[in-house]
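J.: Relying on the hints, combine the two individually framed chains into one complex.
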Amino acid sequence: MASDTAKQIGLIALLRWQILRNSLRTTRAKLEAVAHTLVAVGAAIVVLVIGLGFYAIAFLLVDAGRTGIMLGLLWVIFVAWLILPVIVAAASTSIEFRELLRYPVRFSAFLILSLAYSLFDPIALTAMFWLACAGAGFATVKPELLLWVLPPLLALAAMTLLLSRVVMNFVERLFTKRRGREIFFLVFVLGMLGLQILGIGAESYLAPAVRFLKTHPWILQALPPNLVYAAIEGAIQGEPRSVLAATALLLAYAGALFLFFRRAVLAQYRGEDLSESQGSSTATSATILKGWRVPLVSGATAALLEKEMRYTLRNGFMVMNLFIPLFVPLVLGLAGSSPSRTEPFFQRDPGILFFGSVAYLLLVTMHVASNHFAFEGHGIQFLLLAPVEFRQVVAAKNLFYGALVVCEALAIWLMLAVLGKMPGAESSLVTLAVVPFLLLSQLVVGNLLSIHFPRRFDFGKFKQRQSGMSVLLGMTQQMITMGIAGGLFAVMRWLNQLWIAGLIYLALGVAAWQAYRIAFDHYEGLARRRREVLAAELCQD
Amino acid sequence: MTAPAILTENLTRRFGSEAGGLLAVDRVNLRVEAGQFFGFLGPNGAGKSTTIKMLTGLLQPTAGNIRVLDLDLYANPVEVKRQIGVVPEGLALFERLTGPEYLNFAGRMYGLDRETAAQRAAELLEFTELADRARTQIGEYSHGMKKKLALAAAVIHTPRVLFLDEPFEGVDAVAAATLRSLMNRMVARGVTIFLTSHVLEIVERLCTHIAIIHKGQLVAQGSLAELRTGVEARIAHSGEKLTLEQIFLEIVGGTRAGAAQELSWLG
Chain A
-4 MASDTAKQIG LIALLRWQIL RNSLRTTRAK LEAVAHTLVA VGAAIVVLVI
46 GLGFYAIAFL LVDAGRTGIM LGLLWVIFVA WLILPVIVAA ASTSIEFREL
96 LRYPVRFSAF LILSLAYSLF DPIALTAMFW LACAGAGFAT VKPELLLWVL
146 PPLLALAAMT LLLSRVVMNF VERLFTKRRG REIFFLVFVL GMLGLQILGI
196 GAESYLAPAV RFLKTHPWIL QALPPNLVYA AIEGAIQGEP RSVLAATALL
246 LAYAGALFLF FRRAVLAQYR GEDLSESQGS STATSATILK GWRVPLVSGA
296 TAALLEKEMR YTLRNGFMVM NLFIPLFVPL VLGLAGSSPS RTEPFFQRDP
346 GILFFGSVAY LLLVTMHVAS NHFAFEGHGI QFLLLAPVEF RQVVAAKNLF
396 YGALVVCEAL AIWLMLAVLG KMPGAESSLV TLAVVPFLLL SQLVVGNLLS
446 IHFPRRFDFG KFKQRQSGMS VLLGMTQQMI TMGIAGGLFA VMRWLNQLWI
496 AGLIYLALGV AAWQAYRIAF DHYEGLARRR REVLAAELCQ D
Chain B
86 MTAPAILTEN LTRRFGSEAG GLLAVDRVNL RVEAGQFFGF LGPNGAGKST
136 TIKMLTGLLQ PTAGNIRVLD LDLYANPVEV KRQIGVVPEG LALFERLTGP
186 EYLNFAGRMY GLDRETAAQR AAELLEFTEL ADRARTQIGE YSHGMKKKLA
236 LAAAVIHTPR VLFLDEPFEG VDAVAAATLR SLMNRMVARG VTIFLTSHVL
286 EIVERLCTHI AIIHKGQLVA QGSLAELRTG VEARIAHSGE KLTLEQIFLE
336 IVGGTRAGAA QELSWLG
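Residue numbers (our numbering), protein chains in the order written: chain A, -4 to 536; chain B, 86 to 352.
Calculated from the structure, these hints are not laboratory results.
Here the structure is a predicted model, which means the values were calculated and not measured.
Here a beta-carbon is modelled for each residue, glycine too, at the ideal position from N, C-alpha and C.
Don't take every hint at face value.
[Said to hold, decoys possible] To be clear about the criterion: a stretch of chain A counts as covered by chain B if any three or more of its residues have a C-beta under 8 Å from a C-beta of chain B, and this derived list gives those stretches:
id, stretch
1, 289 to 298
2, 524 to 534
[What the hints assert, rightly or not] Taking beta-carbon pairs under 10 Å as the criterion, some of the chain A residues facing chain B (in silico):
id, residue
3, Val205
4, Arg309
5, His373
6, Leu379
7, Ile513
8, Ala514
This is chain B alone, in the form it adopts within the complex (with noise of 0.2 Å):
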């Protein structure tokens, strides 16, 4: 049996004081075996993006264990970077550089020699339909162009595992179909991604795993098909298939009660 490409133990974050801090993870345990599509959803300061930093080596976890590929991420930071590729929280751009001079430049920081790198990178550009920008700076590019060039340049070292920190916010139906179909390829190809999203429609279409992290806790793992099957045997429903937001709504609370009430000098 082969190990997970992501394993956590008791993965726990806590920012400020023990007694009046935010506990943002409280001790979760994930583990995603390789190859998989996983999609890690949960409400807006659930704990997303906490975990998936802590997951790349951006954030000190203050307890717990994280493996990544049968590597202890702490004890090998440089061998566990070598092998993943990260689309955070912000892109990691350097906003002054042009993309072909930004691949090329990921593409030798993650150890590709120089004609592999331009090779590469100006493949990617073709790929991203960002090769007519090629002399712009990456401040001047749009939203959706900076996520694809952020994308391109995570995949530059054929990782063997990829996090991705929201990769379809802000993004139009054109480029999020650029960035799907990059995230297939990989799959295909026995890549593991790691992707954090509020487009349920993409998530459902896209993973074939799902966790839910809700205030800062996990509370759903599994199969989508697990998942629902788990739902569909709590709620009393018409039948019909639950859809992932049905689902998510029902894991973590759905709508607040009174809602419709409340402002209503907005009309």
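So that you can see chain A by itself, here it is in the shape it has in the complex (with noise of 0.2 Å):
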């Protein structure tokens, strides 16, 4: 049976490597395949860039007798590695197991392979790696304790590489069905008016939990990179069994995990489809709505507008995508408002705060300005078989994105004065300023891509694979202009001049309309010349 097994598995390796040979056959897929390279080369380097701090600081500070540094650097290593996968979730893997299932795989070999996709998924890679530089930092200085702390820090590893899969599992259920979706919005929603409502700050509502925390430190104890900790300091006084008693409760963490981890495998390996779904088909007649009326657009693109509006809602990745850059003040605004410690940079200027949730937001939807098709499938055909212009259809997925953006900014404003920490006016101004300058060169770009490298997504899945070359063209507009803009206004905020920021962001805006204008007249030939490629690649099931 493990023979059995062994050999599926490596069945399995052959055959993907077969898809991937096949998969280069084109210029187009060798393209793709550079691009990927070279932005997997760019995250490296950052990867590696940081994991060498990690290392410097772990080093530098054991060796200066302050080893409670392992603990910030374990807890940052921790958080990054949750947290990462869902901020991040375009660029990291992509494999859709359900295709394994037609084969007769064994439920073991599945397992494996499951496991092994998430050992290897760049976001656990990168998180081990820091690890690993962190715990290289403290056996350079300590090597005698190296066996003490390698088996809790592998312990931590295999840990947190599990509760990552079952968050991301847990957060895909929730977001895959409309009603996950809605609860979800609904306490989101009501959380904030409730805050509002009770006129409770920011500072004022997390002391309480930091005063509960305080009074009970078990709970901080038990948390995974304390234990870890606890492990280290229990090496460093000669302490075994502390060593031995945080390895073992970690490895509990792991086990239990691993549990749920196989049951949502098995659910999967059961033909579970976590794509999105009305979840009945019950019979159910409905009156016809006659379709929205837009002011100013002709029917056609009113049209569009109203089928953009549905695949968005309908879609969970795209909801999820949206919520983020709302936590983004959220999480900011709050960091480090303990009553204890001074106010934190964002608290101090809300305007900066603003102006950095703005950016993220385009750069957190920047694939869906890239990748304008991903979600029309078959659909793409009627597209181009329909009497208007394809221009048109661009123009229209244009506009619906820009009102998102520009919806998005409006309620980001709006959380960070519920928050207590609204803008002031003239920074608020300068950052809406800057939204068209950015939103059309990222417009100019992206639909380009969206036409050359379209890449179909699907519904109800965060971990999407996208165009290399979109990635690696679209990251490059977006270091420029946000290089720019961000370059801007530190200048300006600097000089106390923000206005002047505001008004070549005006000028800059005026710029980007007219290249978006001038390659607005180019879509059309682009799209009948790669009119195959479109249908190709969004049509394949």
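T.: Encoded structure:
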């Protein structure tokens, strides 16, 4: 039986290799592979630099006798491992395991493959590398303790790996069903309104939680990074019992999480489909409602906008993406708001928080702007067959996306106001003035990428593989425009002349509009030449 | 004399390079008169879908011209698209919309006003017996339901020419009857229908004119009677009227010799 499982795993590895080899036959695919490699190399450099930073911090501070830094590092890595998969979902790997189920694959092979893919997820690899760097920094100073700290570190890695999979599975389930999204949205809105109505400031409602944790220290001590730190301290003080106890508890956590993970994989093995579904196919009739009427636009454009809205609201992946930017001001606005600390950076200047949140919003929704047709599926054929110019379709998508960004920017502003961190009038206006420049430049590049390098996305899945070229070129565009906008904001704020930045943003916005208009005239011919790629890429099942 | 509904001249499509590529459609000259129910047949991989994709503007020809309703397709794409309805391979459905939402959307994209689009959507849903699934997303429809919905969307703007790529593939008898009924009504009103199908019995029953493509080349074109006469003149037969299947097999080459001896391990 074990040899059967090994044979099946080997066959699946061979299958994936053949798929990879065959997928590199066209020039476009080769370009994609080059782009993916460049993006991976760029990301690896960033990961490496941060890892070296962890090593240096651990080495220097532990050498100086401040071993407490290890606790901070462990927490940073632990939180990053859990949060990064949600924030950069579009950039992480996506494997369609259900495809394997058509073959007589044993559950053991399926489970091992699921674990293996979790292990080789770029974010998991990143976090494990950082953990190794921090551990290496410690071990360089105290090499005699390496064998003692290695087991709890490995147990932490195993536990966090499983925890991140279980959390992602939960989030996917929550956002896949309409009811889940509605409940989440309701809780979120009621929570924010409740805080506002009760007049509770950010500083005051975290204070009781901090006090509670201080009076019940065992809660903090039982958390995974604290357990590893306790093991490290035990090793330093020559208390093997505390090392063993902490490792055993971490392994127990890992064991419990493995059961949850196994349950999720088993459900998938038995044919569970997490893609978006109504959940019921009972026969129901409905009155046919007339389509939207949108002032100033044609009937076809109104129909396209209506369709975009329906698709967005029915897509858990998109809804999640739109929610994340609302959390940024919440998290950064509250960060370090413990009464015992000095007022944190973002709380001193909500203007920066607003500017940063809007920039983050554009960054996190970049995959929408650079892959407009991702969710169309076979519907792309309808758009190509319909008696409208293709650039009208692009314009409708841009209009919808632009409206979404503007509405969300306003929602972020409102959120800050609710949190009692309302940005000043000057900061608010300057931030809103930068939106046209950032948005239009994003669309100029994004529209071209959407037509040149389309990539089909599935509903209800968070991990979707972007086109390598889209990521590479989209990120380059973002770095340039956001670098210009952020640099101007920083310099003018420092000179206390923020309004000048606002004027420059408006001028840049006009230039971006001109660029958009010039590019817009070319979309029709471009779409005509690229329609086969669009249809072939988006219609594949 | 009225212009043909569809006219192609030396329509050619090559995939890949001149030397090693695949010549999927090779200098095809089609002529479909207005009001004809035209069946476009061919074995798998013969070039049927490639041809219909070129005729509807989904695929660029390598060479040749296409005129639909006397309009050059590539000079007037929007005008041509306004007058045709298409059910392509893959159906062109937005799977996360419900049936009524999709039909409404299709109607408005084809220039209908809100009231007309909603009214026709309701009528088409009734006709195709999909009205009781009005709240179900298309992704959850059965294959037959999807085909009926795709056909409903293709006719919502009363096109003058209807292109159907394998409309009966994977469809049960009940759904097929609905599709046939809708098509017959369209032809009775003067609409030209151009369909590809592997179900030769249905083509024989519905189509007045037929063309057969084989290895990218048009090997026969005419009314069913003309094709029958042509084949009967070439072969010795019992005197009984040849079916379309017999005509088709005779034209494209029939079964492979020796096939029965292969795969002996299957028993």
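J.: Please name the hints from earlier in the document that this structure breaks, with their numbers sorted from lowest to highest.
T.: Result: hints 3, 7, 8 break, sorted rising.
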